[in-house]
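**Student:** This is what each chain is made of:
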Amino acid sequence: MQATDRQNEVQHLIEVHGVGKDYQMGDSVVSAIKTMDFFIDDGEFITIVGQSGSGKSTLLSILGGLNHPSRGRVLVDSLDVYGLGSEQRADFRSEYIGIIFQSFQLIPYLTVLENVKLPMAITGIKAGEQDEMARAVLDKVGLADKVARLPDQLSGGEQERVAIARAIVNRPPILLADEPTGNLDSDTATEVMRILQQLNAEGLTIIMVTHNAESCKYARRTIQVKDGSCLSHFTVDHR
Amino acid sequence: MMNYDYDKYRDKRAKVLGVKKRGLGFGALAGLVSMVIVLGLGVAVIPKSIAFFQARHLDDAIYKLQAKTAWPGEVLDDLAGQAGVRSVTAADNGSRIVVTFNRSKTDVHKFSIFFSEHGLQAVLLNKMSHGQRLKMLEKEAHFEAL
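Sequence order for the protein chains is A and B.
Take the first sequence: its letter number 110 is residue 110 in the numbering used here, and every next letter is one higher.
Take the second sequence: its letter number 129 is residue 129 in the numbering used here, and every next letter is one higher.
Hints are computed from structural coordinates only; laboratory data are not their basis.
Built from N, CA and C at the ideal position, the CB exists for glycine as well.
Distance windows between CB atoms, simulated:
(1) A:Gly-53 to B:Met-35: 55 to 63 Å
(2) B:Val-38 to A:Gly-128: 30 to 38 Å
(3) A:Asp-187 to B:Val-33: 54 to 62 Å
(4) A:Val-29 to B:Val-38: 49 to 57 Å
(5) B:Leu-41 to A:Ala-144: 51 to 59 Å
(6) A:Gly-124 to B:Arg-10: 17 to 25 Å
(7) B:Lys-8 to A:Gly-53: 30 to 38 Å
(8) A:Gly-156 to B:Val-38: 54 to 62 Å
Pulled out of the complex, with its shape left as it was, chain B reads as follows:
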């Protein structure tokens, strides 16, 4: 027979009282799985959401010159400096340009005036939202890769 030793079964007592947990409990495991799902969705969704919000007010206008000549560089620089114009990008070997602009600050009508003032006969080929055009470019790149 032995005297009662409070410390002898300290580990067992700790397990019973939940001070010392064995392995991962169901709650902790469920929390961990939920966190992985939320983080995974976050990684997949958040960048797209940010891109959408950054581009939601932008439109792209695609122009070519009636004369089928190259676009004068100084005119493009001037156009890029106009209020509301985000960027001017040359495409299709320089025969076309894509003007990305904030639709709330400018529009294609003002571009037509701008081109006339510079003595250029520009033809508007298409106008679409910037996001839509980016998706189209992605699809085109995908099909080209195939």
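One chain only, chain A, in its complex shape:
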């Protein structure tokens, strides 16, 4: 079905319908995710919490178009993510998804500016414009004066901010964060969370996997995952 056909039936930016993921472990099949159904609206800040091995990161990778589910459908902006061809899905990731990881995943021999420009290499954006866009997002995360440094010349918090800048430089509507504050001290983690909160206030939809209960207070809604199932959804009232 084409995206235009879904216009009337889709109500949310992200819709997860009966998604499950099984892994073959020798002779047995392990369900990392049993069956999940939930929706995420445009501009929401969601945290996904749960114990190690509960399926949080698997769910995040499925939402990002990186991990084909064993069953079910993921609709993002009315696009059936896993109904797309591989090239279309690569375009989907480039256009819609920014990802930040706990371990930053910066290229050690590239400068801060070059790291941030990296996702634009396949977008066809002109070199001059790439430079301008990368500097603008680095300014937004407070690193305008460190563009020429290498990652190992930065603190952990600064490296995380470079990772955030790299994730949002293509202006994706959705940011996926896999334990972004897991390696940071509490002050630096708060600083990173405030940047994410600011980006969310500007309209970015954020889905963050975390172990940190403190981080959940920045989100409007928390999805608790246990043994591959959504145990509960609870909404935080910040008023």
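With chain A held as given, fit chain B onto it using these hints.
**Tutor:** Positioned in the frame of chain A, the structure of chain B alone reads:
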């Protein structure tokens, strides 16, 4: 939180679905390069091919008069009107003529009879294909230019 707006990310959706392409795709680029090569070869090869097919049945016969006098104009006009004769061209300050003819319709034997009938003692200096002679003329022009 905002309600879902189907039109908000229309451009992104179009890019993913391939409705709006960024730049020139590999297929289009390969097609364009192929077309340039084919057209380039066409421009270089087709005129030569046409010239070859138009001249493939033509031969040139080169004559001079035994008496080393100029060729009478009315005889040349008469010769040019013979069946199978494409053209009669004066060369070498009028002392020689080149008769271009369709080898399937006439031949040098008939020209010999024609010249005898007009009381001319013509000597056949050479006979070759018309295309070969054109190539020779090109080479001569090239060497003269040097």
